[in-house]
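Participant: Sequence:
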Amino acid sequence: MARISGINIPENKRGLIALTYIFGIGKNISKKIFDLIKINQNTKVKNWSDIELNNIRKFINKNIKIEGELKNENRLDINRLLDIKCYRGLRHKIGLTVRGQKTKNNCRTRKGKRKTIAKKKKS
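Numbering (this note's numbering), first residue to last: 24 to 146.
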């Protein structure tokens, strides 16, 4: 099994798709990696030679922030927003949507399960 930066990559997938199992690498970045290293992106991981695998590892370690480093940077960015108490930081703190989405009808995943409110009793 191929390991890149501590992540097991599935061997029966194409190289383009297999690299997306690493947090921080999507399809576009995966395409750029294969274009710059000049490796065929359609070959399966089990058919990679050791030289190709080492080239991919070196390129990713030098040029791309992935996994723990990227997650740490995202957390620091959110903490900075919370510290300066800007609008986005307050939305993060409350647990509501941050990027201007409407919350009247949808947004259940951010708001959580519905909370029922008792109606006023008639006197």
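Honestly, the hints are just simulated from the structure, not real lab data. Please note that the accuracy of each hint is not assured.
As the list claims (entries may be wrong) - Simulated pairs of lysine-lysine, DSSO-like, Cα-Cα distance not exceeding 27 Å: (1) Lys134 - Lys108; (2) Lys81 - Lys108; (3) Lys54 - Lys116; (4) Lys116 - Lys36; (5) Lys50 - Lys36; (6) Lys81 - Lys69; (7) Lys61 - Lys88; (8) Lys108 - Lys94; (9) Lys81 - Lys55; (10) Lys94 - Lys81; (11) Lys54 - Lys67; (12) Lys125 - Lys136; (13) Lys136 - Lys116; (14) Lys50 - Lys67; (15) Lys85 - Lys116; (16) Lys85 - Lys50; (17) Lys85 - Lys108; (18) Lys116 - Lys127; (19) Lys125 - Lys142; (20) Lys108 - Lys125; (21) Lys116 - Lys134.
Said to hold, decoys possible - Restraint-style ranges between C-beta atoms, simulated for each label pair: (22) Asp73 - Cys109: 47 to 53 Å; (23) Lys54 - Thr139: 47 to 53 Å; (24) Lys143 - Asn51: 53 to 59 Å; (25) Lys81 - Lys54: 37 to 43 Å; (26) Asn31 - Lys143: 53 to 59 Å; (27) Arg26 - Asn128: 41 to 47 Å.
Just so you know, these numbers come straight off a predicted model, no measurement behind them. Even glycine gets a Cβ: it sits at the ideal position worked out from N, Cα and C.
Participant: Could you say whether the range 41 to 47 Å given as a hint is met by the Cβ separation of Arg26 and Asn128?
Facilitator: Since the Cβ atoms of Arg26 and Asn128 sit about 45 Å apart, the hinted range of 41 to 47 Å holds.
Participant: With a cut-off of 27 Å on the C-alpha distance, tell me whether Lys85 and Lys50 pass.
Facilitator: Given that 27 Å is the threshold and the Cα spacing comes to 19 Å, the pair holds.
Participant: Is Lys116 close enough to Lys36, meaning Cα to Cα at most 27 Å?
Facilitator: violated (39 Å)
Participant: Regarding Lys143 and Asn51, is the given constraint of 53 to 59 Å on their beta-carbon distance met?
Facilitator: holds (54 Å)
Participant: Would you check the hint for Lys50 and Lys67, treating anything up to 27 Å between C-alpha atoms as holding?
Facilitator: Holds - the C-alpha atoms of Lys67 and Lys50 are around 15 Å apart, at most 27 Å.
Participant: Is the straight-line distance between the alpha-carbon of Lys61 and that of Lys88 27 Å or less?
Facilitator: holds (21 Å)
Participant: Given the hinted pair Lys136 and Lys116, is their Cα-Cα distance within 27 Å?
Facilitator: With a Cα-Cα distance of about 18 Å, the restraint between Lys136 and Lys116 holds, given a limit of 27 Å.
Participant: Between the alpha carbons of Lys134 and Lys108, is the straight-line distance 27 Å or under?
Facilitator: Holds. Lys134 to Lys108 sits at ~20 Å (cutoff 27 Å).
Participant: Can you confirm whether the C-alpha distance between Lys50 and Lys36 stays at or below 27 Å?
Facilitator: holds (13 Å)
Participant: Hint check: Lys81 vs Lys55, CA-CA at most 27 Å. Holds or violated?
Facilitator: Roughly 14 Å between the alpha carbons, so the hint for Lys81 and Lys55 holds.
Participant: Quickly compare the C-alpha distance for Lys125 and Lys136 to 27 Å and report which way the hint goes.
Facilitator: holds (17 Å)
Participant: Taking the CB of Lys54 and the CB of Thr139, does the distance hold inside 47 to 53 Å?
Facilitator: holds (49 Å)
Violated hints, listed in ascending order, are 2, 3, 4, 15, 17, 25; each of the other numbered hints is respected by the structure.
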